[in-house]
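A.B. asks: Could you build the full structure based on these sequences and the hints that come with them?
Residue numbers for the sequence shown follow the working numbering, beginning at 313 and rising by one.
Derived by calculation from the structure, the hints in this document are not laboratory data.
Keep in mind that a hint or two might mislead.
[Unchecked claim] Taking lysine-lysine and the PhoX-like style, the derived pairs with C-alpha atoms no more than 20 Å apart in a straight line are:
1) Lys357 x Lys512
2) Lys391 x Lys381
3) Lys357 x Lys381
4) Lys502 x Lys512
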Amino acid sequence: VEQTRAVVGYRHFTADSISLVYSSNINPTGDRNSDSTIGPVLVDKAGDYAVSFTMDGLSSDQLYYYRIKVGAEILDPGKIQYFRTLPLAGEPFTFTVFSDVANHDADRTAPAYKNGGFKSALDPLPTFAFQIGDFDHSDPTTEEEMRRMHRYMRGPYFGHGYALGTHILTKMGFHHMWDDHDYCGQDTDKSCLLRTEAIKAFRDYYPRDDYPDEADGNY
313 VEQTRAVVGY RHFTADSISL VYSSNINPTG DRNSDSTIGP VLVDKAGDYA VSFTMDGLSS
373 DQLYYYRIKV GAEILDPGKI QYFRTLPLAG EPFTFTVFSD VANHDADRTA PAYKNGGFKS
433 ALDPLPTFAF QIGDFDHSDP TTEEEMRRMH RYMRGPYFGH GYALGTHILT KMGFHHMWDD
493 HDYCGQDTDK SCLLRTEAIK AFRDYYPRDD YPDEADGNY
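C.D. replies: Right, dumping it as structure tokens:
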């Protein structure tokens, strides 16, 4: 999320036609003059049924609501999904920050979730959340295992993903900084043999409209 643009990601479970409907008014349907629609985009197995949508021309410091449309049907996520664009330079804002919160293979909920860390971030509602590296410490070694890790970390049917999605991903902007375990290994960097697979899985699941230079830096 930036001042005038934002990117929303979604993962389906089968090949289908996906659109994004958004508005500054609550519960957009695509039928009102204030609603905007992006898509449809066909998702398939090659991209693990994941898609991202870029919204341009937004107003700064404005609350926007969004919903996913599959075919002709607007999905009901069971929660109101929204984000606030960044304010103009010099204007005040708040944010929440966390790192190294989970291991999706562990049969327990990460302390940050058990302690209500994500939930408490909503009071007061920050403009964005900043994940400063290492979503997960399970260190998968194949692309499919990496995708599975990301599904657990974001999927609403799993403890980690439900908490993150309910309290962070559907309530505010989200920014991520790449770190060693995001390459799937302790103290790894751009020389890691799993770098290509890790970056591909990351791109599938964490939408952005621009990425750092892959030929340089930690990324």
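A.B. asks: A separate judgement is required for each hint: does it hold in the structure or not?
C.D. replies: The hints, checked one at a time:
1. For the hint pairing lysine 357 with lysine 512, the CA-to-CA distance comes to about 14 Å; that is within 20 Å, so the pair holds.
2. A hinted pair counts as satisfied when its Cα atoms are at most 20 Å apart, and lysine 391 with lysine 381 qualifies at roughly 15 Å.
3. Proximity of lysine 357 to lysine 381 is assessed by CA-CA distance (about 19 Å); at most 20 Å being required, the pair is judged to hold.
4. Distance hint between lysine 502 and lysine 512 is fulfilled; the C-alpha atoms sit about 14 Å from each other, no more than 20 Å.
In summary, this structure violates none of the numbered hints.
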